[in-house]
Each structure stands twice: as structure tokens, then as C-alpha cells.
Amino acid sequence: MTDADAKDPLARLQEGDRAAFDQLVRRHHGALLAVARSFLSGGDAEEAVQDAWISAHRNISRFEGRSALKTWLTRIVINECKMRLRKAGREINLDISSDEQDALVDRFKDNGHWRRPPVAWEFSTPEQLLEEKDLQRCLKHHLHAMPENQRLVLELRDIQGHGFDDICNMLDISASNARVLLHRARTTLFAMVEHYQETGEC
Amino acid sequence: MLKCRDVPQHAEQLLAGDMTPGQRFSLRMHLLMCHHCRRYLRQLRVLMGALPQVAEDSTDEEVRRVLDRLDRQA
Chain A
4 MTDADAKDPL ARLQEGDRAA FDQLVRRHHG ALLAVARSFL SGGDAEEAVQ DAWISAHRNI
64 SRFEGRSALK TWLTRIVINE CKMRLRKAGR EINLDISSDE QDALVDRFKD NGHWRRPPVA
124 WEFSTPEQLL EEKDLQRCLK HHLHAMPENQ RLVLELRDIQ GHGFDDICNM LDISASNARV
184 LLHRARTTLF AMVEHYQETG EC
Chain B
16 MLKCRDVPQH AEQLLAGDMT PGQRFSLRMH LLMCHHCRRY LRQLRVLMGA LPQVAEDSTD
76 EEVRRVLDRL DRQA
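Chains as they are written, first to last, in this note's numbering: chain A, 4 to 205; chain B, 16 to 89.
Read the hints as simulated data drawn from the structure, not as lab findings. Please read all numbers here as calculations on a predicted model, not as lab measurements. Any given hint could be a false lead.
[Unchecked claim] Computed Cβ-Cβ distance ranges for the label pairs, DEER-style:
1. A:V108 - B:R60: 28 to 34 Å
2. A:E135 - B:R79: 30 to 36 Å
3. A:I95 - B:E77: 30 to 36 Å
4. B:T35 - A:N180: 18 to 24 Å
5. B:R87 - A:R89: 25 to 31 Å
6. B:Q38 - A:D11: 38 to 44 Å
7. A:K136 - B:D33: 50 to 56 Å
8. B:P67 - A:P12: 41 to 47 Å
9. B:D86 - A:K136: 34 to 40 Å
10. B:Q38 - A:D20: 44 to 50 Å
11. B:R60 - A:P12: 22 to 28 Å
Backbone N, C-alpha and C fix where the C-beta goes; we use that ideal spot for every residue, glycine too.
Whole structure, please, built from the sequences with the hints as guidance.
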């Protein structure tokens, strides 16, 4: 092992080590693209993330480590996306519209008991669920079809594992707002898996 | 009393570790009596465990386009 390898990766990044930065890009680019795609469509999303990388590269020496590097990068991407939307006179709607309900709303009786209880799934572990390739495709399909604000919060929390408080800060939304968006997204996917179990179709 | 209707939201709070002891207790009591809600929680756990694994990787092309731009910037 050379001296350079033994060094703390963050120290290498902050000294301007280009190989370390390339490694950072490889590691996080997919996740950052996924975030940007909740704000912008294909080519614009990619451009926004590229701009975010340029700005991250320029500013990494000033990264103080008060948040995880992943959070810092995601925040840069989100700000870049918001700026582009603003320039285009648009914005992502992170409010919760009251005319929208979660996917389970019709499943309960007036007395609060299940009207249509959950059906049993044939897989009992995440791995078994993912082995079903059609189901995995269906999951991705529904993920892309759901309202962008729900997808964004689910992407950040359940797929990428960002902290709940970090997400509220990054998106500048209240905890209760974030909770409702997450809940709607999760119940949509739950109902989808259930539908797939019952019918074998997406 | 906690109703089945409340369980989906409470189940998420439970999985996030975001519950007061009192809330956890009433959820536990409900789950003891209700196999539908036990099934809901069990299956929600499976779904949420699978989600991190549907993350999309970037393609080599996409990464290359970033590195090219960084090269031009330098």
C-alpha cells in the first residue's frame, strides 16, 4: 500500500486528488441521477447532476464534514435542480394535496377494521421478492409512475437511506409533510405487490 | 383503542424506530389480537427491505460524461 492509498479518502479528495474524485463520481452518480430525475426530465436531469459535480469539485476543500458526504452531494444536486426549475418558471410541488389518498383507503370499514385484509405473499424475505424479475420490473414501473414528490421522498429515504431529518432539511419540508408523502408512496407499492400476487400481472 | 385503519401508519413509525413507548405498547396489543395487521407489518418489512436493492446504477457512459466535463474544467 502506498502512502496515498493509506490516507483518509476525504483528505485525498480535499487535496484535489483527481482519482479519488473520479471514484466518488462512480460511487454516487447513479443515486444523484435518480434524485434529479424526480425534478427534471432525462437530458436536463443529467446536465444538472453534471453541473453539481463541477460545483462539488470546486468546493470540496470547503466541505466541513458536518453532514455525510452523500448528503452534501445530494443537497448540491437538489439546489441545482430547483434553480433550473425556477429559471424555467416551474417548481416541484412538495405540498400534499388533500384530494389524494393513500392506496389503502378503501380497504377499511367505517368501524376501522379491515374490509379487505392484506392477502398473503408467497415470498417471506426481500431476497425472495426480488428474485421475481417481473415483480422487480413492476416495482420500478410504479416507482416511475407515482407523483414526483412521493417518488423523491421514497427514493431518498427507502432506497438511498438518507436520514429522515436530513431529507426534511434538504427539501425544506415539514416532518409531517414528509411522513405523509412517504406513507402514500409506500402504500402504493404495497398495494402493487399485492395486486401482482393476486393476478400475476403488474 | 388502536384500529386496523391506523396500523399502516404506525407500522411505518415502528420500522423507523420513531414511536413513544405508549404507542409501541398499543400497537403490540393490537397485533396480538389481529392477524391481518400482523401480516401487514410482516409484508411491509419485506417490501421495505427490498427497496434499497432496486437502486439504479449509473452506466459507464453516464460516468464518462461527468469525467469528461471535469477534464474540460481543469
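* Asked: Which of the stated hints cannot be reconciled with the structure, identified by number in ascending sequence?
  -> 1, 3, 7, 8, 11
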